[in-house]
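A.B. asks: Sequence order for the protein chains is S and V. The first sequence begins at 1 in this note's numbering and counts up by one. The second sequence begins at 1001 in this note's numbering and counts up by one.
I should point out that these hints are in silico values taken from the structure, not numbers from a laboratory. Heads up, the beta-carbon is just placed ideally off N, CA and C, and yes, glycines get one too. Worth double-checking, as some hints may not be accurate.
Said to hold, decoys possible - Calculated cross-link-like contacts (lysine-lysine; reagent style DSSO-like; alpha-carbon spacing at most 30 Å):
#1 V:K1093 to S:K54
#2 V:K1009 to V:K1023
#3 S:K54 to V:K1146
#4 V:K1023 to V:K1007
#5 S:K54 to V:K1084
#6 V:K1084 to V:K1214
#7 V:K1214 to S:K54
#8 S:K54 to V:K1328
#9 V:K1025 to V:K1007
#10 V:K1093 to V:K1214
#11 V:K1146 to V:K1328
#12 V:K1009 to V:K1025
What the hints assert, rightly or not - Far from chain S, by Cβ distances over 10 Å, these chain V residues were calculated:
#13 G1090
#14 Y1152
#15 K1214
#16 L1219
#17 L1261
Now for the letters of each chain:
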Amino acid sequence: MIAVRLGSRLARRSHRALAFLTAIVGLFLLTFADAAWLRNCRAPGARAQAELAKRLGLTDLCLFTEARYTRHLSQADWHSAFQEYPGAFEHFPSGSLVSPTEPAKRHANLD
Amino acid sequence: MRTWIEKQKYLIDFTLSSLARRKVKNLGLLFLYTVIVFLLASVMLFTQALRREAAASLAGAPDVIVQRMVAGRHDLISPDYIGKLGNLRGVRKTESRLWGYYYDPIERANYTVMVPGSAGQEGVSTGRVAVGQEIARRLGLTLNGKILLTAYSGESRSFDIARFLPLESELLTADLLLMSEEDFRSFFGYPAGQYTDIALTVVNPQEVHNIAGKIANRLPDSRVILREEILRTYDSIFNWREGVVLALLSGAVIAFAIFALEKASGLSADEKREIGILKAIGWETGDVIRMKFWEGALISLTAFFLGYTAAYLHVFRFAAALFEPVLKGWSTLYPQFELVPTLDGFELATLFFFTVFPYALATIVPIWRAAVTDPDSVMRGSL
Chain S
1 MIAVRLGSRL ARRSHRALAF LTAIVGLFLL TFADAAWLRN CRAPGARAQA
51 ELAKRLGLTD LCLFTEARYT RHLSQADWHS AFQEYPGAFE HFPSGSLVSP
101 TEPAKRHANL D
Chain V
1001 MRTWIEKQKY LIDFTLSSLA RRKVKNLGLL FLYTVIVFLL ASVMLFTQAL
1051 RREAAASLAG APDVIVQRMV AGRHDLISPD YIGKLGNLRG VRKTESRLWG
1101 YYYDPIERAN YTVMVPGSAG QEGVSTGRVA VGQEIARRLG LTLNGKILLT
1151 AYSGESRSFD IARFLPLESE LLTADLLLMS EEDFRSFFGY PAGQYTDIAL
1201 TVVNPQEVHN IAGKIANRLP DSRVILREEI LRTYDSIFNW REGVVLALLS
1251 GAVIAFAIFA LEKASGLSAD EKREIGILKA IGWETGDVIR MKFWEGALIS
1301 LTAFFLGYTA AYLHVFRFAA ALFEPVLKGW STLYPQFELV PTLDGFELAT
1351 LFFFTVFPYA LATIVPIWRA AVTDPDSVMR GSL
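Okay, chain V solo, but in the shape it has when bound:
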């Protein structure tokens, strides 16, 4: 065993000397490889954490949301709809909701304006609003200060700031403005008695589909959104196969494929000569392959561990700062959030398999082809 270990150490010594002879090329390769692993791992960790965060945070979303559609567009719900839904068997609670959007032309930002179910609990009352952290930062608002908005009638309205929504909820509330029902209706000129949509709480979660069917029968012009659909929407956005991940990953994956293919397609003249000399001085084919195995293993493991660790720090310690411009798009408001780390062993193993193995194989295959050939023809370059 000791002899075997010593032999491997000599092989590693030789491999490192060989790599050091082409220092710039190999360091460049290691850097590129690490960057690719870093990108893939960052996307994996970020989307995994966001998926969990969405599932955990939206687990309390309404069981069923009913919206009225007029000519294919979302319209206001009239009071008689609320009456029709109220007596549905299996529905524990019916809550009419008021929410909408306000475009701030000065900041060029969209705010989500909402009337909380229990205004008092949120510290909201007539003339007093609660504001999301990102709006506060953007407008430089202070607690008990004022926020000036232009109502839909054209007149300027100022509201006292009762409180800021918690920092830790920024991923959901960064652009949120909570106001009282009275303020909401007068600000947007919202018709009395009408609502944006209706949220239903269902007694038995297994009955949700039946209830959705009954609603569709009773109110054919309505659109029913189930909580499970909301959760599935976020699951699919941050899934490996779809949405953000696919867009971000495709470039990195193609780069990696080209890189591995280039490596697998052949050896440089220097490398061929080196193998020829080694074989001529008595190295066995197995030794040459083992040496190259160590080369592949050392480079790919170093790139994997460095890339992954850097990705972890990027996502969970530096709030995935590199993804911000990608996700932000043309938005003015972007939440500052800290994700709860979730490390999935299966996804980590998948990442390891798809980044380390292809490279290690791409290193060994052409070497095997060269190493089983006659040293003389390898040195003459006739391979």
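This is chain S alone, in the form it adopts within the complex:
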């Protein structure tokens, strides 16, 4: 009976569209619940990572390992050929994704 009533209601285009919109808004809201759940699950890992970083005195994320100056962005040399700083005349692809580091920006222009 309920299925029949639901079927007859959904026969109308506007009802189908609004039902679809409600469903995707529901999915959108579920992402917040999922984020809270993932935060809880991943928090111990994040804490362990921060602890290890502190113990080892790590200074950079290991995102771009292709060159020394992209691996350790915050420790990059300023002057060496092909190792100037990200944003300089570029050799490696990731250098064009990364902006100059803070100390490099403060430094006088090199060209």
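For chain S, the structure is supplied; the task is to place chain V on it using the hints.
C.D. replies: Only chain V this time, still in chain S's reference frame:
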């Protein structure tokens, strides 16, 4: 109220029928729109989470790092420098560090080699090393197995694998190789008593700038890197206005602008005729605009919610797999990491505003122009 709702439902019915008449075009448009929202939202969520991750993980980085510069290049720190820094007022701890890079010619990968401050705690001793997960995966290493490296003297050296660095720290340690000081010095032929740099722990964080100034005076050939600079570096890389985000977003933003402009610049002959007929049979201008409002709202809201949800799943459930080739560049090693979701209401509202509103407006403006004109001239196409 009931009448109003019923009227809106009829308008939606009519809008959907009208959209269904140009099904392929409108589905294509919805798909493209969803992809653009997906890309923008993915970049936003990814960079936001990485920024937080960098801030949280690097909060424990050394307060001050001192490096020696010779002719503009980073050089080794000699023992007398350590002595000069040791007696600086306000410095709680001075730690000389040893670290560097090893290029593996077989794998064509760069490893970061480091001597941990407390080797015992990391399970490292002479002949025994700790290895990052990505190196282990790449070389097919097993626990208690061996890793073979070519020393700078040219001879092959094998090390026992004492442990793998934790999976959850891969974002920081994927390419890391920890070894004892003795191994490090003999492997790289590192001069005795010299170090890579010095890490200082400061008693009062507000004194960091004063201490940096004193170091610059005392050791003019040194370069001082503060923790706040490290954090700012990562903040700016993953900021909306700079770095990765700007590079990734510019293409999507231009595509979206062209798409919205094309929509705003005019109506097709079919659409004009439809408006003319509606007005001729008695629809008011307000009704036509409301109908088109529903068209814009339904398409843009569907694209926004679908695009955003897909982006969330992409970034936090599928580890931002689509960004991997972009970020990887020519690197051989790339960490496998899971980000902790952080959803920023302000950034979400900004995304909503910049994706939903322009499209909704771009739909309504040309319709308003057509709807206020005489139906006869609209149908004749003289608008």
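A.B. asks: The structure should be examined with respect to each hint, and the outcome stated for every one.
C.D. replies: Here's how the hints hold up against the structure:
About 14 Å separates the Cα atoms of K1093 (chain V) and K54 (chain S), which keeps this hinted pair within 30 Å; it holds. Between K1009 (chain V) and K1023 (chain V) the alpha-carbon distance is near 20 Å, which keeps this suggested pair within the 30 Å criterion. About 28 Å separates the Cα atoms of K54 (chain S) and K1146 (chain V), which keeps this hinted pair within 30 Å; it holds. With a CA separation close to 24 Å, the supplied pair K1023 (chain V) and K1007 (chain V) stays within the 30 Å bound.
Among the hinted pairs, K54 (chain S) with K1084 (chain V) is consistent with the structure: their alpha-carbon atoms are about 25 Å apart, no more than 30 Å. At most 30 Å may separate the alpha-carbon atoms for a hinted pair to count; K1084 (chain V) and K1214 (chain V) meet this at roughly 11 Å. Restraint check for K1214 (chain V) and K54 (chain S): satisfied, since their Cα atoms lie roughly 25 Å apart, inside the 30 Å limit. As the CA atoms of K54 (chain S) and K1328 (chain V) are separated by approximately 26 Å, the hinted pair is consistent with the 30 Å bound.
Between K1025 (chain V) and K1007 (chain V) the alpha-carbon distance is near 27 Å, which keeps this suggested pair within the 30 Å criterion. Distance hint between K1093 (chain V) and K1214 (chain V) is fulfilled; the C-alpha atoms sit about 16 Å from each other, no more than 30 Å. The suggested pairing of K1146 (chain V) with K1328 (chain V) holds, with an alpha-carbon distance near 27 Å, which does not exceed 30 Å. Distance hint between K1009 (chain V) and K1025 (chain V) is fulfilled; the C-alpha atoms sit about 23 Å from each other, no more than 30 Å.
Every CB of chain S is more than 10 Å from the CB of G1090 (chain V) (nearest about 19 Å), matching its label as outside the interface. No Cβ of chain S comes within 10 Å of the Cβ of Y1152 (chain V); the nearest lies about 16 Å off, and the non-interface call holds. With a least CB separation of 18 Å from chain S, K1214 (chain V) remains clear of the 10 Å interface cut-off, as annotated. With a cut of 10 Å on Cβ distances, L1219 (chain V) stays outside the contact zone with chain S, its closest approach being about 16 Å.
Non-interface status of L1261 (chain V) relative to chain S is upheld: no Cβ of that chain comes within 10 Å, the nearest being about 26 Å off.
Violated hints are absent here; each numbered hint is respected by the structure.
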